[in-house]
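J.: Each chain, written out:
There are 2 protein chains.
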Amino acid sequence: MDWGSDLWDQHDVIERHTQSGLDLLERYVKFVKDRAEVEQNYAKQLRNLSKKYSRRGVKEDQDTKLINQQPFQDVLNELNNYAAHREQLSEIMTVNICVELSRNLQELRQERKNHLCEVKKAQQNLESSFKLLETSKKRFEKEWREAEKANQQTERVQQEVSATKADVEKAKQHAHFRVHLADECKNEYASQLQKYNQEQNNLYHSEIPSVYKKLQEMEERCIRLLADGYVQFSETEKNMLPNINKCLDAIISTGRNINEKQVHTLTHTHTSDVLAVCMERSYSDSSLT
Amino acid sequence: MDWGSDLWDQHDVIERHTQSGLDLLERYVKFVKDRAEVEQNYAKQLRNLSKKYSRRGVKEDQDTKLINQQPFQDVLNELNNYAAHREQLSEIMTVNICVELSRNLQELRQERKNHLCEVKKAQQNLESSFKLLETSKKRFEKEWREAEKANQQTERVQQEVSATKADVEKAKQHAHFRVHLADECKNEYASQLQKYNQEQNNLYHSEIPSVYKKLQEMEERCIRLLADGYVQFSETEKNMLPNINKCLDAIISTGRNINEKQVHTLTHTHTSDVLAVCMERSYSDSSLT
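Read top to bottom, the protein sequences are chains S and D. Mapping of the first sequence onto full-length UniProt numbering: residues 1 to 289, in sequence order. Mapping of the second sequence onto full-length UniProt numbering: residues 1 to 289, in sequence order.
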């Protein structure tokens with residue numbers, strides 16, 4: 001379908017349709033903005049979670065505790081990295097989609113307004129031309145009647161018995177003047193009619209189709225922007241997934257690298273050994289021998 | 001390091017250390033529970049977002065609007081699927097990690113309590129044995145002194161000039177009785193000492209090492225559970241990523257399948273054509289010919 005040739009008399013439909021297209025684009029920008037906020041909020045909650053369970057900065061009374069809690073701390077650090085990637089996703093969505101599409105939206109709105117103004121202006125020009133045509137037609141009709149009247153008057157004077165040659169001549173001259181005037185108005189009316197017909201033809205066969213074609217192209221760009229926006233929305237996240245995956249792999253490595261046989265960090269602080277203590281505490285009484 | 005042989009006299013250290021291991025496991029369970037809540041909340045926000053921008057159920061005045069908004073609706077539907085996968089992640093984390101580890105934690109707590117009780121009971125038994133030893137030692141010492149006194153009395157009686165044979169015999173019999181009694185106490189003390197030494201030896205060389213070995217194994221299981229918990233935490237999400245990827249791919253397909261040249265659904269509702277209208281409005285005035 002070609003708007004220029006098929007929808008030349010559907011101005012209101014085109015006006016509403018292009019408005020609805022831009023509204024949808026605006027709606028999408030708001031949607032992505034909201035999604036970016038959800039993402040930001042999610043990242044914040046993950047960061048808080050990491051902070052809440054993190055022991056950093058807290059003085060531990062036992063070194064062993066710290067050493068055994070290190071893997072958990074590593075998990076929390078990775079969760080913090082994870083949150084940073086989600087935050088980045090939120091920022092890229094805002095900058096690459098919202099800001100960019102808002103700018104395009106503003107340009108498209110102005111472009112649509114200009115095109116619709118162009119149509120209105122051309123229609124107003126044709127209306128002005130039509131008014132001039134009506135005026136010249138009325139003037140021609142009036143002058144035509146005057147000329148007829150003058151011709152009839154000449155005939156009447158010629159048939160009057162009392163009329164002098166001078167009277168007849170005067171009437172003839174007057175009629176001649178009137179007919180001449182009517183002819184001039186007729187020519188003007190004819191010229192105006194031709195001009196109006198040309199203008200009307202031009203408006204419906206050239207100007208309006210040309211503007212509607214531009215509006216159709218604008219609408220197509222709007223739809224393309226929206227479609228590309230959907231793709232970009234997902235691709236931004238898809239591009240981030242390998243980083244998310246790395247964080248998850250790091251946590252898995254942390255878990256797998258823990259050797260439960262090797263993490264016993266209890267320090268052997270006693271000075272005596274079991275034999276010595278048993279010897280000391282064992283009773284040997286010489287009196288018994 | 002082997003707790004049984006190396007840390008036999010570090011009861012308090014082992015008690016604190018195993019407590020701290022279980023506390024860390026409990027802390028991790030709480031952490032995963034919180035993470036599952038963050039995930040649940042995130043999914044809820046995504047669902048709300050999809051609902052907010054969804055036009056489902058809203059009667060549209062124009063079919064064209066609905067058709068052009070269908071791809072956006074598809075994007076919103078995929079976001080809803082995305083949210084469902086995040087919800088599922090939250091549920092799997094709760095059931096497979098929190099519930100499972102909580103159950104293990106309860107069992108480990110009971111096991112630790114039993115082992116520590118066992119040590120305490122064995123130590124109490126040794127203390128009782130030590131008290132019996134002290135008692136039998138004191139009794140032996142007392143009887144020994146009595147026997148010495150009786151022997152000295154016999155010597156004194158033998159040297160007394162006024163003493164009769166009967167007196168000497170009586171003193172000898174008494175001394176004999178006392179020495180016999182002291183010998184019996186000495187045997188009892190010797191037997192008690194041997195028993196105590198055996199018990200003490202058994203406690204420090206067998207009972208305590210055996211319990212500490214079990215505590216060490218328990219601690220190792222606790223660490224393994226925690227380490228596996230870290231792995232499971234990430235693997236649950238990694239297993240979900242292909243589904244997330246599918247949702248994102250579906251959105252990309254939606255965007256790529258939009259052909260901006262084909263989505264113009266404006267209906268050609270006018271009955272007149274441009275030529276007919278121009279003809280109708282064109283002025284042809286017969287008076288002009």
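Check each hint, because a few of them may be wrong.
Copies of the same chain look alike in the list, so a pair counts if it fits in one copy or across any two.
[What the hints assert, rightly or not] Mimicking SDA-like on lysine to any residue, the simulated pairs with C-alpha atoms at most 20 Å apart in a straight line are:
#, residue 1, residue 2
1, Lys261, Val231
2, Lys44, Lys195
3, Lys170, Gln198
4, Lys170, Gln19
5, Lys52, Asn41
6, Lys172, His11
7, Lys44, Lys131
8, Lys33, Glu235
9, Lys213, Val13
10, Lys149, Lys213
11, Lys238, His85
12, Lys30, Asp74
13, Lys137, Pro71
These are computed hints drawn from the structure, not numbers from a lab.
J.: Within a copy, between copies, both or neither: where do Lys44 and Lys195 come within 20 Å Cα-Cα?
T.: neither (70 Å within a copy, 67 Å between copies)
J.: Under a CA distance limit of 20 Å, which applies to Lys172 and His11: within one copy, between copies, both, or neither?
T.: neither (55 Å within a copy, 145 Å between copies)
J.: Cα distance capped at 20 Å. Does Lys170 pair with Gln198 within a copy, between copies, both, or neither?
T.: neither (42 Å within a copy, 167 Å between copies)
J.: Measure nothing new, just compare the shortest in-copy and cross-copy C-alpha distances for Lys33 and Glu235 to 20 Å and report within, between, both or neither.
T.: Intra 16 Å, inter 31 Å, cutoff 20 Å: intra-copy only.
J.: At most 20 Å between CA atoms: does that hold for Lys213 and Val13 within a copy, between copies, both, or neither?
T.: within (14 Å within a copy, 85 Å between copies)
J.: As a check of your reading, is Lys261 near Val231 (CA-CA no more than 20 Å) within one copy, between copies, both or neither?
T.: between (50 Å within a copy, 18 Å between copies)
J.: Classify it for me, Lys137 with Pro71: is the Cα-Cα distance of at most 20 Å met within a copy, between copies, both or neither?
T.: neither (97 Å within a copy, 55 Å between copies)
J.: I want to check one pair: Lys170 and Gln19. Are their C-alpha atoms no more than 20 Å apart within a copy, between two copies, both, or neither?
T.: neither (68 Å within a copy, 136 Å between copies)
J.: Regarding Lys238 and His85, is the shortest C-alpha distance of 20 Å or less found within a copy, between copies, in both, or in neither?
T.: Close inside one copy (12 Å) and across copies (16 Å); limit 20 Å.
J.: Between copies, within a copy, both or neither: which fits Lys44 and Lys131 at Cα up to 20 Å?
T.: For Lys44 and Lys131, neither the intra-copy (68 Å) nor the inter-copy (64 Å) Cα distance is at most 20 Å.
J.: Tell me, please, which holds for Lys30 and Asp74 at an alpha-carbon limit of 20 Å: within, between, both or neither?
T.: Classified as between: cross-chain Cα gap 17 Å, same-chain 37 Å, threshold 20 Å.
J.: Within a copy, between copies, both or neither: where do Lys52 and Asn41 come within 20 Å Cα-Cα?
T.: This pair counts as both: shortest intra-copy Cα distance 16 Å, inter-copy 18 Å.
Violated hints for the displayed structure, listed by number in ascending order: 2, 3, 4, 6, 7, 10 and 13.
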